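J.: Residue-level listing of the chains:
There are 2 protein chains.
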Amino acid sequence: MKTIKLRSNVMAENNRIAQKLRETYEKKKLLVINIIGSPGCGKTSLLEETIKKADNNFRTMIIVGDVQTEYDAERLKKVGADAYQIETMGICHLDARMLQKKIQDIRPKGTDLLIIENVGNLVCPAGYDLGEDSKVVMVSVPEGDEKPLKYPAIFHRADLFLITKIDMLENSNFNLDRAVQNAKKINPDIKAIPMSSKTGEGMNEWFSWLEEKISRKKGG
Amino acid sequence: MKTIKLRSNVMAENNRIAQKLRETYEKKKLLVINIIGSPGCGKTSLLEETIKKADNNFRTMIIVGDVQTEYDAERLKKVGADAYQIETMGICHLDARMLQKKIQDIRPKGTDLLIIENVGNLVCPAGYDLGEDSKVVMVSVPEGDEKPLKYPAIFHRADLFLITKIDMLENSNFNLDRAVQNAKKINPDIKAIPMSSKTGEGMNEWFSWLEEKISRKKGG
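Note that the protein sequences, when read in sequence, are chains A and B.
Throughout the first sequence, residue numbering follows our numbering, covering 1 to 220 in sequence.
Throughout the second sequence, residue numbering follows our numbering, covering 1 to 220 in sequence.
Here chain A stands alone, though its shape is the one from the complex (with noise of 0.2 Å):
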C-alpha cells in the first residue's frame, strides 16, 4: 500500500515536471520524439543513418539515455550530432527530471527536432512522460514478432512502430505483418514502418513521419 502511494507520488512528480517541460518545447517549436525499445535493437544505428542524411533540412539535437557510459554520444558525435548523454547511474529509464536537468544545460536554440534516445529497456521507460510529442518504440528482427504482446504498455503510447533489422528477415522466423497485427491489436492507430539502417529501406518514410511532424509543430 505504501508502495503505491509513493509510486503514485512519483508518478505524479514526474507528470508535473513533463508538462513543465512540453511547455518550454511548445515554446521553442521543438519537436521532440522519445525513441525506446531494447538494448541493441538499432536506437543508436538508426541515428546515426537519420544524422547523415538529414543534412540541413532540419537541425536535430540528440540526447541519449544509458544506465552507464558515454559510448552512443560519442558514437553519434562522431558522424556530426550534436548529441548529449545522461547516465542514469543504474535508473532503468530516463525520467523528466533528469531531462529537464540536461535541457537547462544544454539550452536549445534554434533546434527543429531533439530526438531523446532513451535507455535500452522495453519495459520501464514506457511509464515515464518526458514531455515529448510522440513515443516511438522499435523491435528487431532478431528479437521476434510477438514483442508487442508481451510488452504492451509502450505500443499502447506510441505513435510510430519501428521494425528494424528486415535485412535479417531472410532465415528468421520473424513475420513482419503478424508483427503490424500485433502491434494493431494493441493499438490500432499505431504505424508502422519496417525498416534497416544497413540497406536503407524505410529511411524515407521515417524521414516523411519525421518532417510532417516538424512542420505541424512550426505551423501549430
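Keep in mind that the hints are not guaranteed to be accurate.
Stated by the list, open to error - Below 25 Å or equal to it, Euclidean Cα-Cα: the simulated SDA-like pairs (lysine to any residue) are: (1) K184(B) with N171(A); (2) K218(B) with Q104(B); (3) K78(B) with N171(A); (4) K77(A) with P152(B).
What the hints contain is simulated information worked out from the structure, not anything from laboratory work.
A quick note: this is a predicted structure, and the numbers were derived from the prediction, not measured.
Given the structure of chain A, go ahead and fit chain B onto it with the hints provided.
T.: Chain B alone, transformed into the frame defined by chain A:
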C-alpha cells in the same frame, strides 16, 4: 530521501524472502539458475533446446516471467517441459515474493534443476535476489559486444555469460573476444560460453556447466 529509504525497505524485504527460498532450495537439493537477458536474446529458444537434449540426465522445471502473456510457458510445454508462467502485470522484473508464491503452488519434488527465465530486461532483474545459486546473463550477437560495459550490474552479479546467436556472427560487427574481455573488465571471474540454439554450438559446454553445478549441489 523518502524514495531511497522505501527502496531499501523493499530490497530488505526481498532479500528476507530470497533467504527463505534459498533455504527451501537447499533442503530439496535443488539447483536454481536465474537467466537474465533482453527481450528476444534467445532465452526461451535455449530452454527449448535444453529440454530436448536433457533427456533423463536431470529433472528440470522452468518458471518463466513475462510482463504479460503465457506464450513462453506454452512454447516450453510443447517440447515437453515442466513449465510455469508468472505474469508480472507490468512489473519489469521477478521478485522473491512472486517466486515464493509460485513455488508454494507448484511444490517441486524430485526436481534437480529449476531454471528461472526472468522478464526480458537487462537492467532491473539484476537487482532482485531470487535465492538462486547462480545468475546467468545472456546477450545475443545482434545486440552488440559492448553490452557488458553498458549494463555492468548484471555482469557484476552473474557467474556465467552466454553469448547467443553466434550463427549470426558473419557480416556482423560483433567481436567474440571483445565481448568476453568487456565482461571480464566488470567481473574477472565470469565464465563465457558462445553458443547457438540453431546450430547447437556451445550446448555441450552449457550442459557440462549445469551438470557440474547439479552434482555439486547434490553432494554438498
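J.: Does each hint fit the structure? Answer for all of them.
T.: Each hint, compared with the structure:
Under the criterion of a C-alpha separation no larger than 25 Å, the hint pairing K184(B) with N171(A) is inconsistent with the structure, at around 33 Å. For the proposed pair K218(B) and Q104(B), the alpha carbon gap of about 22 Å is at most 25 Å, so the pair holds. For a cut-off of 25 Å, the pair hint linking K78(B) to N171(A) stands: about 22 Å separates their Cα positions. Simply put, K77(A) and P152(B) have alpha-carbon atoms about 24 Å apart, close enough for the 25 Å limit, and the pair holds.
Against the hints set out earlier in the document, a violation occurs for number 1 only.
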